[in-house]
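For this one, chain A is given, so just place chain B on it according to the hints.
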Amino acid sequence: MTDAPVTRGATIRVKLPGHLRKLAGVDGEVTLDVTAPATLGAVLRALEERHPVLRGTMRDPMTGRRRAFVRFFACEQDLSHEPPDSPLPDAVVRGAEPFLVVGAMAGG
Amino acid sequence: MSGVRVLVGTRKGAFVLTSDGTRKDWKVDGPHFAGWEVYHLTGSPAEPDRLFASQSGGWYGQVVQRSDDGGTTWAPVGNTFTYDGVPGTHQWYDGTPHPWEFARVWHLEPSPTDPDLVYAGVEDAALFRSTDGGTSWDELSGLRKHGSGPAWQPGAGGMCLHTIVLDPRDPARMHVAISAAGVFRTDDAGATWQPTNHGLRSEGIPDPDAEVGHCVHNLARHPSRPDTLFMQKHWDVMRSDDGGDNWADIGGNLPTDFGFPIDVHAHEPDTVYVVPITSDSEHFPPDGRLRVYRSRTGGNEWEPLTDGLPQANCYVNVLRDAMAVDSLDGSGIYFGTTGGQVYVSPDAGDSWSPIVRDLPAVLSVEVQTLP
Numbered sequence: 001m002t003d004a005p006v007t008r009g010a011t012i013r014v015k016l017p018g019h020l021r022k023l024a025g026v027d028g029e030v031t032l033d034v035t036a037p038a039t040l041g042a043v044l045r046a047l048e049e050r051h052p053v054l055r056g057t058m059r060d061p062m063t064g065r066r067r068a069f070v071r072f073f074a075c076e077q078d079l080s081h082e083p084p085d086s087p088l089p090d091a092v093v094r095g096a097e098p099f100l101v102v103g104a105m106a107g108g
Numbered sequence: 109m110s111g112v113r114v115l116v117g118t119r120k121g122a123f124v125l126t127s128d129g130t131r132k133d134w135k136v137d138g139p140h141f142a143g144w145e146v147y148h149l150t151g152s153p154a155e156p157d158r159l160f161a162s163q164s165g166g167w168y169g170q171v172v173q174r175s176d177d178g179g180t181t182w183a184p185v186g187n188t189f190t191y192d193g194v195p196g197t198h199q200w201y202d203g204t205p206h207p208w209e210f211a212r213v214w215h216l217e218p219s220p221t222d223p224d225l226v227y228a229g230v231e232d233a234a235l236f237r238s239t240d241g242g243t244s245w246d247e248l249s250g251l252r253k254h255g256s257g258p259a260w261q262p263g264a265g266g267m268c269l270h271t272i273v274l275d276p277r278d279p280a281r282m283h284v285a286i287s288a289a290g291v292f293r294t295d296d297a298g299a300t301w302q303p304t305n306h307g308l309r310s311e312g313i314p315d316p317d318a319e320v321g322h323c324v325h326n327l328a329r330h331p332s333r334p335d336t337l338f339m340q341k342h343w344d345v346m347r348s349d350d351g352g353d354n355w356a357d358i359g360g361n362l363p364t365d366f367g368f369p370i371d372v373h374a375h376e377p378d379t380v381y382v383v384p385i386t387s388d389s390e391h392f393p394p395d396g397r398l399r400v401y402r403s404r405t406g407g408n409e410w411e412p413l414t415d416g417l418p419q420a421n422c423y424v425n426v427l428r429d430a431m432a433v434d435s436l437d438g439s440g441i442y443f444g445t446t447g448g449q450v451y452v453s454p455d456a457g458d459s460w461s462p463i464v465r466d467l468p469a470v471l472s473v474e475v476q477t478l479p
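Protein sequences appear in the order of chains A and B. Numbering (this note's numbering) for the first sequence: 1 to 108. Numbering (this note's numbering) for the second sequence: 109 to 479.
Next comes chain A alone, as it looks inside the complex (with noise of 0.2 Å):
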């Protein structure tokens, strides 16, 4: 990622696959408050904070690993491979662009 850390707090728009949509029980896409600085690892805490269902389905609940089938997008940038404490993307971070968990693409 190019941007620049932001230290900033942010309300992040997040847009959940069909699968964690349901378990979730939530329609559309999901807004967060995230605390300064917002990253990678602190939009999934905030994420997993409001939805504890979802702990664990993203990612090792222990060990914070990326679930294998499971991929971070943003801003037309993949995320997956990012450390947690990456900086999110100015346009996600000023929200006008949704960060997106996605299933990765494979039958079944």
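Treat the hints with care, as some may be off.
DSS-like, lysine-lysine: derived pairs with alpha carbons at most 25 Å apart [to be verified]:
{"id": "1", "chain 1": "B", "residue 1": "Lys120", "chain 2": "A", "residue 2": "Lys15"}
{"id": "2", "chain 1": "A", "residue 1": "Lys22", "chain 2": "B", "residue 2": "Lys120"}
{"id": "3", "chain 1": "B", "residue 1": "Lys120", "chain 2": "B", "residue 2": "Lys135"}
Label pairs and their in silico Cβ distance ranges [unchecked claim]:
{"id": "4", "chain 1": "B", "residue 1": "Ala211", "chain 2": "A", "residue 2": "Asp85", "range": "25 to 35 Å"}
{"id": "5", "chain 1": "A", "residue 1": "Val26", "chain 2": "B", "residue 2": "Ala211", "range": "25 to 35 Å"}
{"id": "6", "chain 1": "B", "residue 1": "Pro377", "chain 2": "A", "residue 2": "Phe69", "range": "43 to 53 Å"}
{"id": "7", "chain 1": "A", "residue 1": "Met105", "chain 2": "B", "residue 2": "Pro331", "range": "42 to 52 Å"}
{"id": "8", "chain 1": "A", "residue 1": "Phe73", "chain 2": "B", "residue 2": "Thr300", "range": "47 to 57 Å"}
{"id": "9", "chain 1": "B", "residue 1": "Thr188", "chain 2": "A", "residue 2": "Val26", "range": "18 to 28 Å"}
No lab work stands behind these hints: they were computed from the structure. Even for Gly, the Cβ is constructed at its ideal location relative to N, Cα and C.
Chain B in isolation, oriented as in the chain A frame:
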């Protein structure tokens, strides 16, 4: 009038099938958890409207769901299964060490008396217990730490603890079965365990008579004879009359002694059911004929049950948790197939009919007999 509720877990969701005691007309409800694998769905004997479901998938992992209204509504409970301590390694398929990693819950076994107490058998093999209705889970790690754990190896479906048999006389005593390790028994509520595999013989392991390493597929017991256990092994149908200490082959005249489920009639402790499957490499019935085999003599002498079952061009499988018996008069028998059929016999296997024909592949079938 009494009735039954059949709980069906499939590759793509759960279904609840209900009927009155005639078991002729059925209401089909589902899919619940659509698109997810439901390895097991079962009810609490202590509180029959309390149901537990293991919902899992390769994408998003494990969720345990609970219903307190007989399956009408569900809510996620606990999905954190953390091994006690550093779990170490077991054998991989090629015999090399492989780290222990949680994959999914294969089987849920509620207490017969306490609606908040439920056990979970998981992959990689371990036994967990919840005392709060599935909200939190603790490993009974004496099993995994028994000492033989590094020698356990996966069966084709994974290294799973798939069978939990509680002793109706003593809540501290239970048997579990692991593929591929074998049967283990505890007499102290899970603190310590001993392998109970003497008499088993498996050609697929270096020492065919080894204490541990056998691919046990399923166990069954009649509550009136707690020390008698029936086993469907990878190959071989076996029986123990001393609580698992010793096993004897009861395959007798079966066309093949490979298979997955085994069950016992609700009112006749010597009436046993299996579904013979061609072989470990051909997971379908011999000759394309779906036959349940019944022994009324506790094994060795078996009769095929075919009335109402397809007797040509049938190449489905019946998985280990996909057979159940109700406790109505006559003992209804149920099983589900990988082709999505769920069959019922209201007369102990004499005749069969499909309840549903086109579900996703069936992973588990349980039945509750309701007042």
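| Range agreement (Cβ of Phe69(A) with Cβ of Pro377(B), hint 43 to 53 Å) | 46 Å Cβ-Cβ, so the 43 to 53 Å window holds.
| query | Is the gap between the beta carbons of Ala211(B) and Asp85(A) within 25 to 35 Å? | reply | Between Ala211(B) and Asp85(A), where Cβ atoms are some 29 Å apart, the hint holds.
| field | Assessment of proposed distance window 25 to 35 Å (beta carbons of Val26(A), Ala211(B)) | value | With Cβ atoms ~27 Å apart, the hint holds.
| message | Range first: 18 to 28 Å. Now tell me if the beta carbons of Thr188(B) and Val26(A) are that far apart. | response | Holds - the Cβ-Cβ distance for Thr188(B) and Val26(A), about 21 Å, lies within 18 to 28 Å.
| query | Do the alpha carbons of Lys120(B) and Lys135(B) lie within 25 Å of each other, as the hint requires? | reply | Distance of about 19 Å is within 25 Å: holds.
| request: Confirm or reject the claim that Met105(A) and Pro331(B) have a C-beta distance inside 42 to 52 Å. | output: 49 Å, holds
| When you check the alpha-carbon spacing of Lys120(B) and Lys15(A), does it fall within 25 Å? | Distance ~23 Å between Lys120(B) and Lys15(A) Cα, so the pair holds.
| task | Using the beta carbons of Phe73(A) and Thr300(B), state whether their distance is inside 47 to 57 Å or not. | result | 49 Å, holds
| Restraint status (C-alpha distance of Lys22(A) to Lys120(B) at most 25 Å) | Holds, because 15 Å separates the two Cα atoms, which is no more than 25 Å.
Taken one by one, the earlier hints all hold for this structure without exception.
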